[in-house]
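Could you build all of it, start to finish, from the sequences and the hints given here?
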Amino acid sequence: MIDVTMANRGTAQRPNGTQGKICQFKLVLLGESAVGKSSLVLRFVKGQFHEYQESTIGAAFLTQTVCLDETTVKFEIWDTAGQERYHSLAPMYYRGAQAAIVVYDITNQDTFMRATTWVKELQRQASPSIVIALAGNKADLGNKRVVEFEEAQAYAEENGLLFMETSAKTAMNVNDIFLAIAKKLPKNEQAGNASTSGQGRRLVESEGQKPATGNCCK
Numbered sequence: 001m002i003d004v005t006m007a008n009r010g011t012a013q014r015p016n017g018t019q020g021k022i023c024q025f026k027l028v029l030l031g032e033s034a035v036g037k038s039s040l041v042l043r044f045v046k047g048q049f050h051e052y053q054e055s056t057i058g059a060a061f062l063t064q065t066v067c068l069d070e071t072t073v074k075f076e077i078w079d080t081a082g083q084e085r086y087h088s089l090a091p092m093y094y095r096g097a098q099a100a101i102v103v104y105d106i107t108n109q110d111t112f113m114r115a116t117t118w119v120k121e122l123q124r125q126a127s128p129s130i131v132i133a134l135a136g137n138k139a140d141l142g143n144k145r146v147v148e149f150e151e152a153q154a155y156a157e158e159n160g161l162l163f164m165e166t167s168a169k170t171a172m173n174v175n176d177i178f179l180a181i182a183k184k185l186p187k188n189e190q191a192g193n194a195s196t197s198g199q200g201r202r203l204v205e206s207e208g209q210k211p212a213t214g215n216c217c218k
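Its first residue numbered 1, the sequence shown is counted upward by one per residue in full-length UniProt numbering.
Every clue listed holds true.
25 Å max Cα-Cα, derived BS3-like pairs, lysine-lysine:
1) LYS46 with LYS21
2) LYS169 with LYS46
3) LYS184 with LYS21
4) LYS21 with LYS183
5) LYS144 with LYS169
6) LYS46 with LYS183
7) LYS21 with LYS187
8) LYS183 with LYS120
9) LYS46 with LYS184
10) LYS184 with LYS120
Distance ranges between label pairs, derived from CB positions:
11) LYS21 with SER129: 16 to 26 Å
12) PRO186 with GLN109: 32 to 42 Å
13) LYS21 with LYS144: 42 to 52 Å
14) ASP69 with GLU151: 32 to 42 Å
15) GLU148 with ASP69: 30 to 40 Å
16) SER88 with MET113: 18 to 28 Å
17) GLU70 with SER33: 36 to 46 Å
18) GLN153 with THR117: 14 to 24 Å
19) ASP110 with GLN153: 18 to 28 Å
20) ASP110 with GLU158: 15 to 25 Å
In short, the hints are calculated from the structure, not lab data. Built from N, CA and C at the ideal position, the CB exists for glycine as well.
Written as structure tokens, this is what we have:
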């Protein structure tokens with residue numbers, strides 16, 4: 001397991017004793033309320049799923065690492081609230097973010113349309129180099145599907161987005177989507193300060209019990 005407390009030193013101890021570089025990136029989750037943003041983060045960071053997840057107030061903050069061949073990517077994750085009354089706070093969290101996951105519920109067409117609005121907002125106001133992933137969550141409810149996989153995939157391709165359908169409940173593609181983002185982020189320089197200030201946020205900082213893996217940290 002990577003010692004994430006070494007992040008500020010820029011290196012991490014590999015299982016074979018070699019030193020690897022740590023890159024730190026700010027990642028924000030956006031999407032309508034109840035699409036499963038917090039459940040995705042909880043599954044990724046702690047490997048847990050709660051059937052009845054309380055709505056996020058403002059935003060929650062957690063961290064987790066992803067191991068690649070030569071680099072350990074440390075994500076500083078801002079899980080934003082989906083309720084309309086918190087929409088005005090969103091720019092405070094995606095400002096300076098190197099990555100974003102826009103989440104929709106495959107059983108709710110309105111959440112997909114709202115996701116496309118979030119993507120447009122990110123493309124217009126976030127960093128030009130931001131890596132955006134589209135996550136069609138609740139894939140375990142395929143019998144209630146209203147948003148077709150092909151529709152979302154075509155939209156993602158047209159807009160240069162990473163795309164996966166996920167299930168926080170079964171863990172389907174949860175680690176994979178974060179790993180895909182980690183692979184796409186630039187590793188040639190250390191990411192800047194990923195912290196965000198602001199009122200109304202709920203800080204729930206938690207180091208994951210073990211990192212998601214690519215080809216190391218097994």
